[in-house]
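Take these sequences, add in the hints, and give me the full structure.
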Amino acid sequence: MKIFRLLAALLDYPSEGFLEALREMAGTDAYAFVESLDEESALSAEEYRSVADFITTLLATDPLELQGAYVQCFDLTAEHSLHLTHHLFGEEKTRGPALIDLGEFYRSYGLQADEKELPDYLPVMLEFCSTLSIGEAWIFLGDVAKVLKVLADNLEKSASPYAPLVRIVEKQGSLTRLAA
54 MKIFRLLAAL LDYPSEGFLE ALREMAGTDA YAFVESLDEE SALSAEEYRS VADFITTLLA
114 TDPLELQGAY VQCFDLTAEH SLHLTHHLFG EEKTRGPALI DLGEFYRSYG LQADEKELPD
174 YLPVMLEFCS TLSIGEAWIF LGDVAKVLKV LADNLEKSAS PYAPLVRIVE KQGSLTRLAA
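Last residue of the sequence shown: number 233 in our numbering, and the count goes up by one each step with no gaps.
Hints are computed from structural coordinates only; laboratory data are not their basis.
Note that this is a predicted model, so its numbers are computed, not measured.
Just so it is clear, CB atoms sit at the ideal spot from N, CA and C, and this is done for glycine as well.
There may be inaccurate statements among the hints.
Stated by the list, open to error - Computed spacing ranges between beta-carbons, pair by pair:
{"id": "1", "residue 1": "106", "residue 2": "66", "range": "19 to 27 Å"}
{"id": "2", "residue 1": "214", "residue 2": "94", "range": "20 to 28 Å"}
{"id": "3", "residue 1": "113", "residue 2": "160", "range": "35 to 43 Å"}
{"id": "4", "residue 1": "131", "residue 2": "154", "range": "34 to 42 Å"}
{"id": "5", "residue 1": "73", "residue 2": "145", "range": "39 to 47 Å"}
{"id": "6", "residue 1": "106", "residue 2": "55", "range": "13 to 21 Å"}
Claimed, not checked - In silico DSS-like cross-links for lysine-lysine, where the CA-CA straight-line distance does not exceed 27 Å:
{"id": "7", "residue 1": "210", "residue 2": "224"}
{"id": "8", "residue 1": "202", "residue 2": "169"}
{"id": "9", "residue 1": "55", "residue 2": "169"}
{"id": "10", "residue 1": "210", "residue 2": "199"}
{"id": "11", "residue 1": "224", "residue 2": "199"}
{"id": "12", "residue 1": "146", "residue 2": "202"}
{"id": "13", "residue 1": "202", "residue 2": "55"}
Next up, the structure:
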């Protein structure tokens with residue numbers, strides 16, 4: 054599912070190479086670009102608009118400014134960590150087994166996670182979702198929906214431009230979507 058791959062990329066560090074590729078792929082109509090990637094109609098028109106607006110802002114901002122803001126938001130503010138088990142366990146020893154279990158879960162689906170990133174890193178989790186059916190992705194995200202809600206709430210409190218993206222991911226695992 055390409056839409057989860059896009060969300061993963063948008064929530065990852067904004068490298069200059071990614072920004073150039075995004076500029077080329079999105080062209081002049083970010084909304085149409087986002088809509089074209091949603092083969093399963095997982096997002097609403099409002100969510101397309103949020104993602105398209107995020108892309109437009111991203112591409113209009115100086116890359117160094119983006120990178121600095123990203124580091125400030127996600128790397129220097131613990132409440133905004135994209136490593137989801139951090140919100141459950143902090144740096145406790147019990148976090149290790151959870152990370153091992155998640156990595157094993159990925160491997161059971163034939164996915165070898167990037168060794169440079171922990172398996173609970175939200176962009177890695179979204180990359181995994183991109184390999185699943187929409188129903189499987191909703192169930193997988195449903196398992197972390199409470200953590201995603203906390204993360205989205207924290208990002209909204211600080212007026213982070215990433216908050217709408219995390220809120221969209223949270224909604225993908227919501228109980229109402231799972232019941233549909």
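So, going through the hints one by one against the coordinates:
Taking 19 to 27 Å as the suggested C-beta distance range, the pair residue 106 and residue 66 conforms, at roughly 20 Å. Look at residue 214 against residue 94: about 25 Å separates their beta carbons, and that is inside 20 to 28 Å. For residue 113 and residue 160, the Cβ-Cβ distance of about 40 Å falls inside the hinted range of 35 to 43 Å, so the restraint holds. Residue 131 and residue 154 have their C-beta atoms about 23 Å apart, which leaves the hinted 34 to 42 Å range violated.
The beta-carbon spacing between residue 73 and residue 145, approximately 40 Å, falls within the hinted interval of 39 to 47 Å. Between residue 106 and residue 55, the C-beta spacing of about 19 Å keeps the proposed range 13 to 21 Å intact. The suggested pairing of residue 210 with residue 224 holds, with an alpha-carbon distance near 18 Å, which does not exceed 27 Å. For the hint pairing residue 202 with residue 169, the CA-to-CA distance comes to about 26 Å; that is within 27 Å, so the pair holds.
For the hint pairing residue 55 with residue 169, the CA-to-CA distance comes to about 22 Å; that is within 27 Å, so the pair holds. A hinted pair counts as satisfied when its Cα atoms are at most 27 Å apart, and residue 210 with residue 199 qualifies at roughly 17 Å. The suggested pairing of residue 224 with residue 199 holds, with an alpha-carbon distance near 10 Å, which does not exceed 27 Å. Note on residue 146 and residue 202: the hinted pairing holds, with a Cα-Cα distance of about 24 Å set against a maximum of 27 Å.
Our distance criterion of 27 Å between C-alpha atoms is met by residue 202 and residue 55, whose separation comes to about 23 Å.
Of the numbered hints given earlier, the model fails hint 4 alone.
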